[in-house]
Every structure is written in structure tokens, then in C-alpha cells.
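**Student:** Residues per chain, in single letters:
There are 2 protein chains.
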Amino acid sequence: METELSKKLGVEHAIFGFTPFPAVAAAITRAGGFGVLGAVRYTAPDDLKRDLDWLQAHTDGKPYGLDVVMPAKKAVDGISEADIEAMIPAGHRAFVRDTLAKHHVPELAEGEASGWRITGWMEQVARSQLDVAFDYPIKLLANALGSPPADVIRRAHDHGVLVAALAGSAKHARRHAEAGIDVVVAQGYEAGGHTGDIATMVLVPEIAEAVAPLPVLAAGGIGSGEQIAAGLALGAQGVWLGSLWLTTTEADLHSRALTAKLLAAGSGDTVRSRALTGKPARQLRTEWTDAWDDPDGPGALPMPLQGLLVAEAVSRIQKYEVQPLLGTPVGQIVGRMNSERGVQAVFDELTSGFEKAIDRINRIAGRRTTREA
Amino acid sequence: METELSKKLGVEHAIFGFTPFPAVAAAITRAGGFGVLGAVRYTAPDDLKRDLDWLQAHTDGKPYGLDVVMPAKKAVDGISEADIEAMIPAGHRAFVRDTLAKHHVPELAEGEASGWRITGWMEQVARSQLDVAFDYPIKLLANALGSPPADVIRRAHDHGVLVAALAGSAKHARRHAEAGIDVVVAQGYEAGGHTGDIATMVLVPEIAEAVAPLPVLAAGGIGSGEQIAAGLALGAQGVWLGSLWLTTTEADLHSRALTAKLLAAGSGDTVRSRALTGKPARQLRTEWTDAWDDPDGPGALPMPLQGLLVAEAVSRIQKYEVQPLLGTPVGQIVGRMNSERGVQAVFDELTSGFEKAIDRINRIAGRRTTREA
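Those sequence lines, one after another, are chains A and B. If you want our numbering, it's the position in the first sequence, counting the first as 1, plus 54. If you want our numbering, it's the position in the second sequence, counting the first as 1, plus 54.
For the record, the hints were derived by calculation from the structure and aren't laboratory data. Each residue gets a CB set at the ideal place from its N, CA and C atoms; glycine is no exception. A portion of the hints provided could be inaccurate.
To be verified - Pulled a few chain A residues facing chain B out of the computed Cβ check, cut under 7 Å:
#	residue
1	Lys156
2	Val159
3	Leu162
4	Ile252
5	Val256
6	Ala283
7	Ala287
8	Leu317
9	Ser321
10	Asp323
11	Ala411
12	Ala419
13	Gly420
With these hints in hand, go ahead and build the complete structure from the sequences.
**Tutor:** Below you can see the structure in the form of C-alpha cells.
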């Protein structure tokens with residue numbers, strides 16, 4: 055599965071795997087794909103350094119990348135996290151308290167850190183991550199929120215690192231292209247995490263045309279070899295898969311109950327909700343997302359307030375595995391994530407499924423094929 | 055573009071074109087596809103007879119089909135259209151009046167019929183359509199709302215007619231299969247008209263697996279050769295296109311203003327709204343859909359009340375081409391419907407685009423291909 059982009063990156067298969075877990079990223083790279091480590095949870099540079107050391111030692115010299123969350127909009131100077139905290143209405147805090155109380159969610163112990171902090175989303179944290187990352191031979195730097203700032207793009211290019219950015223519309227993709235990025239990840243409505251409302255089938259060719267000749271990766275709804283073939287048929291130079299790895303044995307969700315929920319969920323069990331960050335993000339539908347999406351409730355606050363508001367609550371829900379509220383970002387392909395397997399087995403199924411899909415489509419097209427030498 | 059299903063139907067390309075316009079259906083069939091005439095607007099059997107006569111005379115003996123709207127649920131005996139009319143709350147009628155008045159929509163002249171009547175959706179009307187249709191050599195009978203009743207399926211099979219039904223989830227598709235239908239149209243979130251919220255990329259393989267070995271058609275988001283290749287790669291035995299034909303020269307929308315709106319719309323200019331029928335249906339987003347989707351408004355009534363409530367209003371909006379309210383069901387591929395062309399030209403672009411997509415995906419897969427003799 056070879057495209058111009060996969061050749062440029064020196065990767066065997068044009069399958070990009072996004073994951074917050076170093077063991078998953080390393081296994082994807084070792085299997086012949088391109089592992090991309092999500093950096094949002096690394097608020098301490100030393101933690102990122104430790105995991106990049108491990109990744110470098112476990113990828114057999116093969117290529118991998120890093121995904122940061124760097125807001126496109128410049129932070130306002132002199133605004134601290136405490137200032138932002140103060141912007142949260144008391145009624146919203148009460149709603150969080152009441153919802154947790156209704157479900158008897160225990161408090162965290164004194165001094166227990168919240169697992170998900172807004173700081174990971176802030177530019178200065180992302181910049182400190184980059185200071186670490188550029189010491190490693192990363193081949194791709196992806197940004198999940200808009201184009202990275204111009205100096206970051208320059209710095210990446212100076213290090214020979216390609217820059218990718220996610221887009222949910224042709225307009226956003228064009229803005230990325232103008233900013234000088236190298237790869238657009240076209241993230242469709244059915245994807246896990248932040249998405250727009252245009253489906254992958256429509257979005258990928260639209261973005262590919264809008265930013266040509268820049269390469270585009272198809273993201274959203276891709277979890278099988280057939281879906282990879284479809285994504286590539288739409289004009290992409292590769293596919294970007296995030297959800298599929300969540301139920302691999304290398305993934306460390308820290309919650310058997312959450313893994314069980316993912317394994318049991320159908321394609322109709324996700325929702326695009328503003329509950330998690332304030333922007334629409336696809337995730338498991340739970341009583342927690344229902345509470346925020348309820349027209350009779352207070353509704354989610356805008357980013358970044360919502361993330362800050364619910365950070366501690368989400369930690370408590372996860373730690374105590376409070377079933378009705380327990381969720382995670384995941385795409386509609388959760389419906390086919392029905393067994394726990396190693397990354398290599400999942401990857402092998404993707405590549406063999408892709409070959410079968412190519413065989414089938416060639417039969418439909420009336421083509422005989424032979425493998426190139 | 056040949057599959058088991060296309061061979062069975064005797065059609066050159068596994069491209070199914072749904073349209074309410076006989077001239078479009080005939081042109082699709084003549085081009086080597088399978089034209090499917092939507093019958094919902096034929097409340098008088100003689101009108102359908104006239105148009106089927108015309109279709110039969112203009113399809114060079116090639117195959118075509120008919121699409122009816124037959125509710126799966128049995129009508130309650132003794133309930134008349136007037137009884138149903140009486141179930142509509144006065145507040146909703148006032149909301150229609152006020153919204154039309156706000157936009158200065160003129161009244162219809164005395165005796166002018168409403169273009170869209172609920173009766174087309176009722177079982178007895180659909181049955182009278184079938185009494186006409188089975189006199190013609192139709193090859194496929196599709197139903198847009200659930201499985202047709204068992205006796206209709208039997209009657210179709212007795213005439214050698216395959217029965218298709220649309221589905222937006224694997225559960226619905228399984229129900230169709232159990233009812234004895236022959237073909238499932240997997241209609242994704244991005245499609246025009248009634249849709250669920252699972253995107254085509256995820257829905258098609260899920261339904262194909264759920265109803266195997268029944269053939270599945272991919273619907274939603276398909277308006278180019280690349281998208282056809284993607285739909286087929288997902289495991290479909292053909293593709294089902296509806297929106298794309300709305301801006302062909304053979305289509306008769308009766309409104310230049312509406313055609314202009316379709317040509318100008320982007321992929322983000324549609325909405326899944328209950329405004330038209332009471333069930334979520336994708337359509338152009340307008341001030342009319344906004345009014346019904348407004349959380350501070352009365353909201354749409356359930357099917358069939360909403361359709362009955364708005365039928366006359368929709369006729370008035372269309373007749374007088376009231377710009378801010380003027381809309382039509384259409385899918386997200388409206389973003390690529392940017393020119394008015396004949397069906398043959400559109401069809402040629404689909405088939406040549408498909409061949410190019412196959413060439414490209416084979417290059418990515420490292421296959422050399424030759425055409426079969």
C-alpha cells in the first residue's frame with residue numbers, strides 16, 4: 055500500500071495510526087504502518103521524554119510521528135488558568151456536582167491529580183512538548199486544532215519534519231494549505247473526537263481537490279481493509295485510524311469496564327457531543343453526554359471552559375468506573391471493535407482485507423491483475 | 055461495472071439512479087445504468103400509467119424500476135385523511151401561517167392543488183400504483199419506508215420483480231431480510247431524504263455483513279466515479295444515487311430559483327431535519343428548516359402529521375419561489391453539483407471517473423491490470 059506520501063515517510067503501508075499509548079504507536083510502526091503518538095496528556099516534558107525514549111527504542115528504526123493539540127488562536131497574554139476558571143458560571147459547577155451526586159460518584163482522594171487537564175491544550179504546553187520532540191527523529195508533526203503557528207511549521211521543516219493538520223471542511227483545509235502545512239487529515243463526521251458534520255465519503259474528495267497537490271489522509275469510519283480501500287479510492291494518499299486501536303491488547307485504558315463498553319458498543323452508540331471539550335466531539339453516548347446535550351440542562355460551555363469544568367469529574371468517573379457515565383472519544387467504527395487483539399493481528403487483518411477488497415473491486419471493474427515485481 | 059446483481063438485472067453498470075422524473079430515469083437506463091422512477095407524487099393511477107408508457111417507450115428495452123413509499127405499519131381501519139388532519143394542534147397551524155406571513159408567501163389560487171399530498175404515502179395509494187406498475191416490465195420495486203407487506207413481496211416475486219428496501223441501520227436491514235426482500239439499499243447519514251445517523255462508510259459493510267448473501271447497494275455521499283469505487287470497495291453490489299440527477303437538464307424541478315440554489319450550495323448547506331415529513335430527512339438548509347428545528351419553536355410533528363401540516367405551505371413556497379424558504383431533499387454531494395448537464399454526460403463522467411479511481415487504487419496496491427476480454 056504505497057503512495058507518494060508513504061514513500062516520502064519511508065513507510066511500507068500508508069496506514070497512519072493515532073494513539074495516546076506509546077506501546078500501540080510502536081507496534082503500528084513495527085507492523086509497517088506509521089504510528090502517531092498523541093501528546094495531549096503529557097503536561098510534564100520529562101514524561102514525554104521518557105515515552106519518546108521508549109518509542110525510539112521499540113520501533114526498529116522505523117518512522118513515527120507526534121500529535122499535539124495547539125490552538126490556532128493566539129492566547130491572550132496575561133490570562134492564567136485561574137482567570138479562565140473564574141469564567142465558569144456557578145450554575146454549571148452546580149450541574150456537574152448534581153450530576154455526579156445523582157450517580158454517587160466518589161470524590162478523588164486528597165492530592166490525587168486530575169487525569170485530564172486543560173493545560174495540555176494550551177500553546178505553552180504544546181511548545182514545551184515540541185522542545186522535547188524535536189530531539190527525536192520524528193517524521194511527522196500533526197496538530198489536532200487548526201494550523202500550528204508559522205514559527206512551529208518553520209521549525210518542523212528545519213528539522214525535516216512534515217506538518218499535518220486535521221480538517222473537517224474544505225474551507226479549513228484551504229486555510230491549512232495557505233499556512234504552509236504538508237498533509238491534511240480529512241476527518242469526517244463519523245470519526246471519533248472532534249469532527250464536523252460532513253461525512254468522510256463527501257469530505258475526502260472535496261478536501262483533496264481543494265488542497266491539491268497536497269496529500270490528504272482519510273479519517274473517520276475506517277477500521278477494515280475494505281474501508282481503507284474506500285478511503286484511498288476517494289483520492290487520499292493514506293488513511294488515519296484512531297478508534298480501532300483502543301481495544302488492542304497494547305492499549306492501556308486503565309479501565310476494564312471501559313474496554314468492555316467499547317467491545318459491546320454498536321455503531322449507533324456514539325454521539326457528537328460538546329460534553330467533553332465544548333466543541334462537537336464524537337464519543338460513546340452515556341448518561342453524562344445526555345446530561346450535557348439535554349435541551350433542558352445548562353448545555354456545554356465553549357472551549358476551553360467546558361474542558362476545564364469537567365476535567366475532575368471525568369477523572370472521577372473513570373477512576374471509579376461509574377458505568378452509566380463512563381465514556382471515551384471513539385468513532386462509529388466502534389461497532390466492529392468486538393474483540394481484544396494485539397496490534398499486529400489487527401494490522402494484518404487490515405492489510406489482508408485491503409488486498410481482498412482490491413481483488414473484489416477489480417472483478418467488478420472487469421480487470422485482471424498481477425502483482426508488480 | 056458488473057456485479058451478480060447487475061447481471062441478474064441485465065444492466066451494464068451497477069449504477070442505480072433514483073429520480074422522480076421519467077426523463078431522467080429513462081436517460082439513466084439508456085446510458086447503461088438502472089433508472090428507478092419515484093412514484094410518490096402519482097396520486098392518480100392514470101398519471102403513473104401515462105409516465106410508465108413514456109418510460110417504456112424511451113428505454114430501448116433496457117431495464118428500469120419503480121420506487122414506492124409504502125409504510126411498513128398497517129393503516130388503522132376507518133381512519134380517514136380528515137381524521138388525521140384533525141390531530142394537528144392549532145398552535146402548529148398558526149406557526150405555519152405566521153412563518154409564511156413573515157416571508158410574505160402568497161396564497162394559492164382557488165382550486166389550485168397542492169403539489170405534495172400525504173395520500174401518496176398511504177398504503178392504498180401505493181397499492182393502486184402497484185396495480186398499474188405490474189403491467190409493465192419493471193425489474194425492481196423499491197420501498198423507501200420499511201419492508202413492503204408480505205403479499206406485495208409475493209406479488210412482485212410472482213411477476214419476476216426483485217424487491218429492494220432502504221435501511222439506515224443493520225437492525226432495519228435484518229428486518230428487511232427476514233421479510234423476504236431481495237436487495238437492501240444502505241442509506242448513509244450523508245444521503246438526501248430520510249436517513250439515520252450512521253455514515254455510508256460505516257453502514258455499508260455493516261449491513262452487507264448483516265444480510266449476507268443478500269446484495270447491498272451503497273447510498274449516500276455518492277456523486278463521482280471515486281465515490282462509486284469507494285461504495286463498491288465497501289462490499290456493495292452497486293451504488294444508489296438520487297441527488298446527483300436533480301441538476302441534470304432532464305430534471306424538471308419547476309423552479310429555476312431552486313436549481314440555482316442547488317448549483318450554488320456547498321456540502322455544508324444541508325441539514326437533517328424533521329421539517330418535511332416528521333422523520334429526519336436531509337435537505338437544503340433554509341429559513342423554513344431553521345424555523346422547525348428552532349428549539350424555541352413548536353418543533354415538527356411526527357410522521358404523517360408533519361407532512362400533512364406543511365403540504366400546502368411547501369407548494370406555496372415552491373410555486374412563488376420564496377428564496378429564503380425554498381428547499382428540497384438533497385444529500386451532502388450537493389457540494390459537487392455545480393453545473394447543469396445532460397444525464398448522459400453526468401453518467402459518462404461517473405464511469406470514466408470510476409476507471410481512473412480503479413487505476414489509481416491499483417497503483418497504490420502495487421497491481422498491474424489488464425482488461426478482461
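**Student:** Any hints this thing doesn't respect? Which numbers, in order?
**Tutor:** Hints 1, 2, 3, 8 and 10 contradicted; others consistent.
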